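Chains as they are written, first to last, in full-length UniProt numbering: chain V, 1 to 483; chain D, 1 to 483.
It should be emphasised that the hints constitute simulated quantities derived from the structure, not laboratory data.
Check each hint, because a few of them may be wrong.
Residues from chain V that keep clear of chain D, each with C-beta distances beyond 12 Å, as calculated [what the hints assert, rightly or not]:
(1) ALA24
(2) ARG142
(3) SER210
(4) VAL244
Computed cross-link-like contacts, DSS-like style, restricted to lysine-lysine with a CA-CA straight-line distance of at most 30 Å [claimed, not checked]:
(5) LYS259(V) <-> LYS228(D)
(6) LYS228(D) <-> LYS337(V)
(7) LYS14(D) <-> LYS159(V)
(8) LYS259(D) <-> LYS337(V)
(9) LYS337(D) <-> LYS375(D)
(10) LYS412(V) <-> LYS375(D)
(11) LYS259(V) <-> LYS159(D)
As the structure is a prediction and not an experimental result, all values here were calculated from the model.
Idealized CB from N, CA, C, for every residue including glycine.
Number of protein chains: 2
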Amino acid sequence: MGWGDLGAFGEPSKETPNLDQMAAEGMLFLDFYTANPLCSPSRAALLTGRLPVRNGFYTTNGHARNAYTPQDIVGGIPDSELLLPELLKKAGYTNKIVGKWHLGHRPQFHPLRHGFDEWFGSPNCHFGPYNSTEQPNIPVYRDWDMVGRYYEDFKIDLKTGEANLTQLYLQEALDFISKQQASQQPFFLYWAIDATHAPVYASKHFLGTSQRGLYGDAVREIDDSVGKLLKHLQQLGISENTFVFFTSDNGAALISAPKQGGSNGPFLCGKQTTFEGGMREPAIAWWPGHIPAGGVSHQLGSVMDLFSTSLSLAGLQPPSDRQIDGIDLLPVILQGKLIDRPIFYYRGNELMAARAGLYKAHYWTWSNSWEEHSKGIDFCPGQSVAGVTTHTQEEHTYLPLLFHLGRDPGEKYPLSFASEEYQRAVEHISGLVQQHKATLVPGQPQLNVCDQAVMNWSPPGCEKLGKCLKAPESAPKKCSWPH
Amino acid sequence: MGWGDLGAFGEPSKETPNLDQMAAEGMLFLDFYTANPLCSPSRAALLTGRLPVRNGFYTTNGHARNAYTPQDIVGGIPDSELLLPELLKKAGYTNKIVGKWHLGHRPQFHPLRHGFDEWFGSPNCHFGPYNSTEQPNIPVYRDWDMVGRYYEDFKIDLKTGEANLTQLYLQEALDFISKQQASQQPFFLYWAIDATHAPVYASKHFLGTSQRGLYGDAVREIDDSVGKLLKHLQQLGISENTFVFFTSDNGAALISAPKQGGSNGPFLCGKQTTFEGGMREPAIAWWPGHIPAGGVSHQLGSVMDLFSTSLSLAGLQPPSDRQIDGIDLLPVILQGKLIDRPIFYYRGNELMAARAGLYKAHYWTWSNSWEEHSKGIDFCPGQSVAGVTTHTQEEHTYLPLLFHLGRDPGEKYPLSFASEEYQRAVEHISGLVQQHKATLVPGQPQLNVCDQAVMNWSPPGCEKLGKCLKAPESAPKKCSWPH
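Taking the hints into account, I'd like the entire structure generated from these sequences.
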């Protein structure tokens, strides 16, 4: 989902009344970022509070390449990483993930091995359907065991776009909240639904209800679900004791537009890129009785801050034996403070850009290669900024492209290298970047090796269901990451 | 000002709390249009309820060219046109225009000859400063007589961007409202300020207060002024008896970006074009106690509807001896109805495009000429859609380009000519266009002839001020309209 997909963020069909209401009752973050313009690294960053380059969710197979966790990925979240639910457990929290895990699907990466107590959802994206010979369909798990596979047991009709998965995920969340409220236990719910990711789906009730087509139908179903979740908290009388945060894992995938792709509002390009369209996210904090209604914050925020903020809410300290990139947003949310901190825009192993205040400096520019572009893969459809949306990887380390995101949110007008404004801002940002790089210890890259043998052929529980498949022989190879 | 310039419409710095509050208390129109992507024709359309091609505010000097009323224009609003204030007079209204008139500056076009009772403002744009030999500075009028000139008596500091004009215009409006309330007289106030038009200015108090630079400062001053106007109505106890509508005369002028140009949100191109960025406008209706708070309407609306709606509010009928293009929006505003009507996108003498429902058909495409483009004049900076943002005038009459503005608000993905959806939608829209053209009687074009002699050399009142200038000899010529 993109920054521009919500009514509160200016989507022209304004079909998200519940999310807009959530914003009106809570606080809207206008300058909130993911840690990487792709799903897996973004989610790894959220749960560890650390940049993907630290937690291992990146590749060194190519320079500045996006990588994630397809079925043949060998790596996943390392045991050495401390995940938010692992830490919350110490404060008595019960942790549930509903939806897409995406931090590795091999047994050692199972979410219940990494702090979650419950899981209903899938380890990978809902791609498919596969014929079970080249690739198996993605399994859906309930806790330790798979309970079926997408397309086979959990239907997704690619022709009509119908699937009731978001409804299943909603019900899981409602039930979990009810259970926790009944037992008076504190809880962390990570509602990581995979709707609006292509192939886009919505349940029957929502199909055809949006001005925006199937993608809009999916957004409307999410909006409706969030409304039901918030209402549920209110009806159970725990809304004033429950902190809720809504955001996305990367910008809208314009490659899937117009039928399956969303909106990044006035920003440049989309998912896969380190332009604003790829990394700036819709974000809303909600906590009635604590967050002043109708607040708007220009705090530079990150999904990694949800790690630190959640720990703070639980009265816990972040781990002190490692670098944490997230910051505690509670002073921002509760007291309207602004914390001075940079935003680092990574693509794979490369720091492409950095933002401080309203200035953003690009040290590298790249949309995608000419080769990919000529195949019709376009991360910036209809947009073209000379020297900025480049199709070759362009280095600007010694003379970064600088944009003022207030006057120029669309990153169309690089500031003159000769201007005093440029000198001052670049000096400041480059200082922060040097400091960052000097102390950076990259983690072991987890997304370098792929192997058909590790696919979801026989996930735990497949025996009971008679759904075990025979894996091919192991043939590890370098994963190919063209973007 | 553009569609995307208000927080409520998704401007990322969200600095318009008063307009956003106005929207929260009133009704937001998301699909509201001007009648032409340029100032003079748009304002003529608003005040006559008629398309510029009918009321004469267009040129035939070139095909599909934008024209307006610079100082050397000979034409202006014809006497045969009935303006909103002329009609409102019959219902006892006192009418005031504050700000830019722009319907012709020669004596016969004076607003007090066309229904207004009071005027404080200028006949033309606040361009300048001029040295009074080639061109005089634009006069500012109080009612019949000029009271000074821009830059000379009404300062605009082009270096700092400081000018207190919006404050003067605000005070005029507040005083007029107070006077009318005191005398219990109904009133029509046309608050047609010229801020955010380049050269952009703001008063000292607002300079440097926006994240967006000088343009944002100007927006913030307008926002603050609107807030004060609404508060004034409330304090006088007449807010429930006063209908207020906020909108703009064309899309943001991206040619002036990033320092002096605004935002058209997710839409294509800007002012001067018939893409959405040129003609879709921010629009808010406000009338406490009558309009349900927080309403959102997808009614296709037009500035021309303000003519018909205002008449309706005054209990008057629109003239029956001529074609009126505006419709009465009261059923939409008060009862949430949707009225089926097309939107026609004109550029000069040509119907470039038409919208019905969510479909928009382009019969002609043009951004601007290669010649102008090569001079750096760009109405679509950073945007380029092959075959759509063309630099030659491309005719598509027999096979219009069709866009679905719900799925594709940015007009990036023309529908396939072969699709059933295309056939159905084009048949419908082209039928409406044929019907429109068959009955269209174009007015005498007013914007064809220019003459240096008609400039504001010696406006009425210049003698008293000692500010009369000698006009050159008359030398009428065809006006040059390159866009």
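Status of each hint after checking the structure:
1. Not every Cβ of chain D is farther than 12 Å from the Cβ of ALA24(V); the closest lies at roughly 8 Å, contradicting the non-interface assignment.
2. For ARG142(V), the requirement that its beta carbon stay farther than 12 Å from each beta carbon of chain D is met, with the minimum near 36 Å.
3. The Cβ of SER210(V) does not lie farther than 12 Å from every Cβ of chain D; its closest approach is about 7 Å, which violates its non-interface assignment.
4. A cut-off of 12 Å between C-beta atoms confirms that VAL244(V) is not in contact with chain D; the least separation is 21 Å.
5. About 43 Å separates the Cα atoms of LYS259(V) and LYS228(D), which puts this hinted pair outside 30 Å; it is violated.
6. Restraint check: the Cα-Cα separation between LYS228(D) and LYS337(V) comes to about 28 Å, which is no more than 30 Å; the hinted pair holds.
7. Annotation: proposed proximity of LYS14(D) to LYS159(V) is violated, straight-line Cα distance about 40 Å (limit 30 Å).
8. Of the supplied pair hints, the one linking LYS259(D) and LYS337(V) holds, its CA atoms being roughly 29 Å apart against a limit of 30 Å.
9. A hinted pair counts as satisfied when its Cα atoms are at most 30 Å apart, and LYS337(D) with LYS375(D) does not qualify at roughly 47 Å.
10. With a C-alpha separation of about 18 Å, the suggested pairing of LYS412(V) with LYS375(D) holds against the 30 Å cut-off.
11. Taken as a hint, the LYS259(V) and LYS159(D) pair is broken in the structure, with Cα atoms around 47 Å apart against an allowance of 30 Å.
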